[in-house]
Amino acid sequence: MIRVEHFYKNYGPYPAVIDVSFEVLKGEIVGFLGPNGAGKTTTMRSITGYLPPTSGNITVSGYDSVKYSLEARRHIGYLPETVPLYLDMTVTDYLSFMGKIRGMNQKWINERINKVIDHVRLGDYRNTHVGKLSKGYRQRTGIAQAILHEPDVLIMDEPTIGIDPIQVVETRELISELGESHTLLISSHILPEVSAICPRVLVISDGRIVADDKPANLSNRLSGTERIEVGISGSKIDSIISILRKIDSVIDVRSDSRAEQIDQGKKENFLPIIVDAKTNENATENIAKSIVDNGWGLRNLTPLPMTLEEIFLQLTQDK
Amino acid sequence: MKEIKTYFASPMAYIVSASYLAITGFFFVASVSDAFSEATIRGYLAGATFFMIFMSPAITMRLIAEEQKLGTLELLLTSPVKEVEVVVGKFLASLVTVIIMIIFSLYFVVLLYIFGDPDSGPLFNGIFGLLLYSSATLAIGLFASSLSPNQIVGLIVGSGILTSLTIIDFISDRVTGVGSDILSFLQLGASFSVFDLGSLGVAESGHFADFSRGVFSLVDVVFYLSVTIVFLLLTIVILESRRWR
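So the protein lines, in turn, are chains A and B.
The numbering used here puts the first residue of the first sequence at 1, with every later residue one more than the last.
The numbering used here puts the first residue of the second sequence at 1, with every later residue one more than the last.
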């Protein structure tokens, strides 16, 4: 459905995307993960025909995005990062205008508008001016316009950015539903977000693809180590650290830098200690056991998610 | 079309057309209310061409600038629509808006026929010329709108270009030779003799002069159409320029 071959994009002398190749097959839901400025939006804009590649080829449903740009665009539903809405139109007017510029006939438009509004659950707002909608509803209107013309391929740039957590969950569900009938490419800079929706993840960093895998494999690959935050009371911080270091699966133990500052002069430690441990070796259990054996008090034991920066650092170092 | 609908859904259109009617009405009345005055619309045309310098950019300023600001330009340009179609569509929408305003102001003409015996030739020629002149100014306004996501920039640049092209005869009068000819050829419309309320004739120079005198001049028709086309092409080039960046 989407095929990207040796795609390069420069902005002036500055390369934004370097030799990116991938393929998204019919019916796939692919997450496009990367930090801000990695080249996600640029790649998506090139697929949609907004920006032509500096070199390389992009085809959508078999149509070259440059040579047969109009034909390729017909097969794409696109939701850019800033949801493009005409604020002084009602939801229905907006959708009908979008239908018209995509060359749909009036009958088809009317039919689809009703279906699409039901689908994104905007029924109560169909005659509301878009400018008066909340951010989450604007997002839905944006999604509605993207699926209006029954495109084969849906491309969404950060579809859950800037909306409240409840609506994020709803939007995610909506996207998963859409995945049943569309080929989907979704960008995000949040790993759990992508792994919740997408069976396959492309990771892009500094304009290059650094990983293309299932989220499960990806996290295995990433987490040669896992990080755990432990709050312990009942002993001096230094002695706790030295005892924890002796546990088999533990690689490194250090106190949180904040903890050190506050802890000075105190006998006991209530503040978090950070433990890096090997995965799949029951590190958490071992730590808990050690705490009990030493008669300390356990305040908390929390696995810490790795930050995106660390993930990319690891992925790029692997290569 | 979306644009026309939004024009009349916002107060902007009413403000612009009301002031258009007021200003052109003033010039019309001033030009025919003297004793023994001619039954012409030359006063109206003088006012109209002058006011168009500000009105056209005011109408067009939002057309592309706002799309850029809202991000909808990205949507338009990723739809199966060509840049040409976007630009021409917006231009036509603004032209229709102006035509509607001109039609409203035609009661001047009706008044002339009721109370006088106007010469139909110059009259229809003048209105035809006004349409051509409007399309040229709208194309320039649209071009100005494409330059920045900020509407005010579009308004100022558009009025700036139009003003320069209008007062260009001040300069061409002061240089000699071919330069003078070229400059005076570029003069878009009314010369600022409209300010000279004593004589209140429009444009004894510039491409509008012949129209208001009732002379159908092919050169002037071609001139206005070329200005329109050149600026629409420039607008398309601006929209496409994102591809080269």
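Think of the hints as simulated: they come from the structure by calculation, not from any bench.
Mixed in with the good hints there might be a few duds.
What the hints assert, rightly or not - One side only, chain A facing chain B, incomplete, derived with CB under 8 angstroms: (1) P13; (2) P15; (3) T48; (4) Y50; (5) Y86; (6) I101; (7) G103; (8) I228; (9) K236.
Glycine residues also receive a C-beta, built at the ideal position from the N, C-alpha and C atoms.
For each hint, the structure was consulted:
no. : hint : verdict
1   : P13  : 11 angstroms, violated
2   : P15  : 13 angstroms, violated
3   : T48  : 4 angstroms, holds
4   : Y50  : 5 angstroms, holds
5   : Y86  : 6 angstroms, holds
6   : I101 : 5 angstroms, holds
7   : G103 : 6 angstroms, holds
8   : I228 : 42 angstroms, violated
9   : K236 : 57 angstroms, violated
Consistency with the previously given hints fails for numbers 1, 2, 8 and 9, ordered from lowest to highest.
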